[in-house]
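**Student:** Okay, here's what each chain looks like letter by letter:
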Amino acid sequence: MLIIKNLHAEVEEKQILKGINLEVKAGEVHAIMGPNGSGKSSLASVLAGRESYQVTQGEVKFHGKDLLDMSPEDRAREGLFLAFQYPIEIPGVSNVNFLKTALAEIRQYRGLPPLEAKEFLKLSREKQKLVEFDAQLVNRSLNEGFSGGEKKRNEIFQLAMLEPSLAILDETDSGLDIDALRIVSQGVNKLRSKDNAFIIITHYQRLLEYIVPDFVHVLYNGRIVKSGTKDLALELEEKGYDWLKEEAREKAESI
Amino acid sequence: MGNDNEIIDNIANKEYEFGFVTDIEMDILPAGLNEDTIRYISEKKKEPEWLLEWRLKGFQAFRKQKLPEWQNFTLPSIDFQKISYYAAPRNKKKYNSLDEVDPELLATFEKLGIPLSEQKALAGVAVDAVFDSISVATTYKEKLKELGIIFCSFGEAVQEHPELVKKYVGSVVPYSDNIFAALNAAVFSDGSFVYIPKGVRCPMELSTYFRINTENTGQFERTLIIADEGSYVSYLEGCTAPMRDENQLHAAVVELIAMGNAEIKYSTVQNWYPGDKDGKGGIYNFVTKRGICKGDNAKISWTQVETGSAITWKYPSVILQGDNSTGEFYSVAVTRNKQIADTGTKMHHIGRNTRSRIISKGISAGEGQNSYRGLVQIGPKADEARNFTQCDSLLIGDRCGAHTFPYIESKNNSATVEHEATTSKIGEDQIFYLNARGIDSEKAVALIINGYVREVLNQLPMEFAVEAQKLLSITLEGSVG
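These protein sequence lines map, in sequence, to chains A and B. The opening position of the first sequence corresponds to residue 1 in the numbering used here, with each subsequent residue numbered one higher. The opening position of the second sequence corresponds to residue 1 in the numbering used here, with each subsequent residue numbered one higher.
Check before you lean on any hint, since a few could be wrong.
To be verified - One-sided and incomplete, this derived list gives chain B residues near chain A with beta-carbon spacing under 8 Å:
| hint | residue |
| --- | --- |
| 1 | 141 |
| 2 | 430 |
| 3 | 432 |
| 4 | 448 |
| 5 | 451 |
Just so you know, these hints were derived from the structure itself, not from any lab. Glycine is no exception: its CB is placed at the ideal position from the N, C-alpha and C atoms.
Starting from the given sequences, assemble the full structure and let the hints guide the process.
**Tutor:** Structure representation (structure tokens):
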């Protein structure tokens, strides 16, 4: 589904991704961990198409198409979804109106007519229930005055509504209390299927107790320095990142 | 910041949609302003002597006044002698029905989205169409007449209902009020007149559509609306003009009179030609609008969506004379390219327990300058008067400006006056967030803007809220290439 080859990127002329290689297949959940400033959120931003990031080398194929060649909205229409680390507030735009517009745009791209009001309402109710999203928040202005937890839960609600094939969760667990964490994780688990995939970016192993990944990758200094199964996350929890940093340094020196 | 810059550039390049010229035979008075000009207009309109005298007093007042100097923009010099003060489509006689109206004129209004034949007209909306100096057609007149409602051109009202016109014209905006009001008193050409009798709720929206067509003319219409005791009327005006390199002057006067328990809702969608991207051409929209809540429990509500004109300069105001009366002002003003909007309101609280509410939303893009200027005045007898003011400014790009000049004068200790103001910017972050959900940047900007102005658009009658929403999207269209 997603193939990243030797991806290099910079922001404000500073190299932040220095050769990422990653393949994500349908049905898989990949966790990306790593210390602060290792490039985790940058990778998410580059994949979603944030303009301030320049790709200097490498390629990314998404469903066989050149992802880097697409506008951010076309990436979303092709089925890529980024759950933001800091969801944005848009005053006066109701959550429901926003979702209706987004869904219609995505459907139009795929040659489908917009959902009728009744169908949309039905879908929205279904998904609210699925991810335990407060109905009152649906009619409020998009993220305006939402608590941190409500904003993150709104991201998961949007994810449920838009049904992307690949969802990237950028530190969705940060700032969540244990109940919100459980609700968010349950939502994600319910949305998992053999046809979609998830990339979960997180600092902590805690989230991975709820959403069990198939693969864990450690990002350090713009590169994936180690990959493994969920056991790697436990190892990191225990030992921290220092031993990996050390390993990475030795490797770099030997080259 | 590539995104923001593209937004600005694309907005700047958006063409004005209503810039065409109607080719029709016109009677045009040569440029120039003196007593003879005024006599000519008055004679052309077969006006009674008292009205001519009133015009001449207006002209005297105009000659004594100087152009204002308190504004925070440079007022271009205006040569009042280079303007023609009267231009009317040439016709042999008065139109008795729409069938007699020049098809070219009907086609013009149709093109502007204002069909005048009643079969095609918007259901529930009566329209008075004003082309340069005169009113060409008023729809649904007969139907309204059955209820005792008078809705006609100002010129017709002078002929048919002189007692009403004489009693109320200049009673809210005196001919000496300001230089542009004085000019209007001297040379006003046409406009709309509305009278709603006691206890009548006007069953349809009344609407006037103003169109400037002829080159080097000014448009000076005058609107007078009287809502008698316990009556209700909702009134809407719209306006467009062709694209021209010369600036054209529009100096209108609107007077509203609400008697006890009466309510007037006055909405404006202003889309005069704004000039090109370098600021060449466009309408100077210098308008005096004021209403008076004469009786107790009266209500006047102004809603305006201002997207056009090179310079917009107006402060629709309410004199809250009756006890418990209410004044409202809801405004969206958009400036882009080199447009200037200096707009706001004045709420004069005179009666007891009077209330006013001001919601102003400015949007600036390109090098547009947007100012809110407002006065809330609480008189010594206005016990328990209340005002709430909120003015928000939205900036698109970093070459535009937003300014706020609120004035509060309170002479009564029991009054409550609140003022809130915010300034925000459409951020790249907001646009990217919507992009990441499959919404392209152009739609994203439209969505953000519509969210921002929702509170004001909600005040417009349904059909016009939709129109205004479209107009805003068109105005700010081409946000990103």
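**Student:** Find the hints from earlier in the document that the structure breaks and name them by number, from lowest to highest.
**Tutor:** 1
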